[in-house]
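Residue strings, one per chain:
2 protein chains.
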Amino acid sequence: MSEIVTAGILVIGDEILSGRTKDKNIGFIAEYLTNIGIDLKEVRVVADDEADIIAALNALRERYTYVFTTGGIGPTHDDITADSVAKAFRVGIDHHPEVVARFKERFKDDLNEARLRMARIPDGAELVQSATILAPGFMIGNVIVMAGVPSIMQAMMDIVAPKLKSGVKMLSDSVRANAREGDIGSPLRDIQKAYPETSIGSYPFLDEESKPNTNIVVRSRDADKLEAAMTEVKAMLAGLKVARP
Amino acid sequence: MSEIVTAGILVIGDEILSGRTKDKNIGFIAEYLTNIGIDLKEVRVVADDEADIIAALNALRERYTYVFTTGGIGPTHDDITADSVAKAFRVGIDHHPEVVARFKERFKDDLNEARLRMARIPDGAELVQSATILAPGFMIGNVIVMAGVPSIMQAMMDIVAPKLKSGVKMLSDSVRANAREGDIGSPLRDIQKAYPETSIGSYPFLDEESKPNTNIVVRSRDADKLEAAMTEVKAMLAGLKVARP
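Chains as they are written, first to last, in this note's numbering: chain A, 74 to 318; chain B, 74 to 318.
Treat each hint with caution, since some may be false.
To be verified - Facing chain B, from chain A, some residues (calculated, C-beta under 8 Å):
| no. | residue |
| --- | --- |
| 1 | Glu88 |
| 2 | Thr94 |
| 3 | Lys95 |
| 4 | Lys114 |
| 5 | Arg117 |
| 6 | Val118 |
| 7 | Gly147 |
| 8 | Asp151 |
| 9 | Ile153 |
| 10 | Glu254 |
| 11 | Asp256 |
| 12 | Ser272 |
| 13 | Ser275 |
| 14 | Tyr276 |
Source of the hints: derived by calculation from the structure; they are not laboratory data. As the structure is a prediction and not an experimental result, all values here were calculated from the model. Built from N, CA and C at the ideal position, the CB exists for glycine as well.
Based on the sequences and whatever the hints tell you, model everything.
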């Protein structure tokens, strides 16, 4: 049986919890991981608070194959992610010589104490950087530490992804039911029971005529079982006696 | 000293973790709570999995004044939130007579087993419903269970909010720095140290000229201290010797 590779996300930042900034990273990373065969199992959002970051990070890194963090690696006093990660791993942290050298070249006279904070990397971590990324992310153990700015985070995902082990990709197929969720709940449950190696989800929405409608999504790592379950779902929908309201 | 009222959010749903659905509820609830003086401290997203829901819910409800859940209260087999909440509280769950009566009136012959699932309410819970909400949410202990569909969740927040105790509202003020974050990190840290009863955050962004710029946000429950810290921040910005690149 193929290995299941799992992941958690830890979003770090007061601005998300205050509602001032609307997170765009969870959805991006979730979709990215699904596409490379990694199962996202849990997400947590915590404040820029050392104890909260350490507790959440330790909980997630013990449970899942990988943990992706976003936020808190900038140059200001509220950017405490790197130091918190070092404490969670009980390792030291210092200015990374390679990063300092790059910063000296790039910032020249503008390289000040605040910017040097961004060169603080926990001992033993591997840098996540490229020509277009100013302040690096890093990977330590099974934890990948990334920027909170979406465009930078996305560039970091592209750098890290090839280094990750990935599982058998989760396949999915969806169908528009043209039925209210409540009209298909019972038959859908029966199909789910008959196909335990698939995961069947139903998602209500208001369609273009403002009528309640439902998307049904079947997911499985086994293409044959996915197809068999979807065939049953479509047959069930075709046989629906209930007229739409 | 005024009481600090805290909250956690628990988002429940495979579709968020797969990236298929992009969550819109966290940002809405975060902003809502900030506006009524409740501090959102943590968010978790978990799958439609009973053990995961129970573990996360118990962790959050022990730590915070309130916990808001979204998702998993529909009519299909993957909607297991109400049952999981009952198990977390170790109480029974059954079809709520008032909800069943409403459903009979509304659905008439369409009231089937699947729809009746939506009438399952944990013992002792208080319904969260209105004329426009079909399937009710509920409040049990310090936990408020709401729909995942944003428009319904938002209607439920409006019903619940007046019943919650709220703390002294967090005030905030912001200023555009017209400076790179790395140029203001050190003076900003000094101001933060001098005003420990404020929380100063800095948020980099690319401005309309595609230049790196920074928003500075000062937050406090004390209007005078907020103003004093912001005055310092603005004086610091006015005195910046560094020319913009």
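Tested hints:
Annotation: Glu88 of chain A was flagged as interfacial toward chain B, and the flag holds, the nearest CB pair being 6 Å apart, inside 8 Å. Evaluation of the Thr94 of chain A hint against chain B yields a held restraint, the C-beta minimum of about 7 Å falling below 8 Å. The beta carbon of Lys95 of chain A is positioned within 8 Å of a beta carbon in chain B (closest approach about 4 Å), and the interface hint is therefore held. This hint holds: Lys114 of chain A has a C-beta 7 Å from the nearest C-beta of chain B, less than the 8 Å allowed.
Hint on Arg117 of chain A holds. Least Cβ distance to chain B is approximately 5 Å, under the 8 Å limit. Of the supplied interface hints, the one on Val118 of chain A holds, with its beta-carbon coming within about 4 Å of a beta-carbon of chain B, less than 8 Å. Among the interface hints, the one on Gly147 of chain A holds; its C-beta lies about 6 Å from the nearest C-beta in chain B, closer than the 8 Å criterion. Evaluation of the Asp151 of chain A hint against chain B yields a held restraint, the C-beta minimum of about 5 Å falling below 8 Å.
Because the closest C-beta pair between Ile153 of chain A and chain B is about 11 Å apart, greater than 8 Å, the hint is violated. This hint holds: Glu254 of chain A has a C-beta 5 Å from the nearest C-beta of chain B, less than the 8 Å allowed. Annotation: interface hint on Asp256 of chain A holds; nearest CB of chain B at approximately 7 Å, less than 8 Å. For Ser272 of chain A, the shortest C-beta to C-beta distance to chain B is roughly 7 Å, which falls under 8 Å, so the interface hint holds.
Below 8 Å, beta-carbon pairs count as interface contacts, and Ser275 of chain A has one with chain B at about 4 Å; its hint therefore holds. Interface restraint check for Tyr276 of chain A: the shortest CB-CB distance to chain B comes to about 6 Å, inside 8 Å, so the restraint holds.
In the structure shown, a violation is registered for the earlier hint numbered 9 alone.
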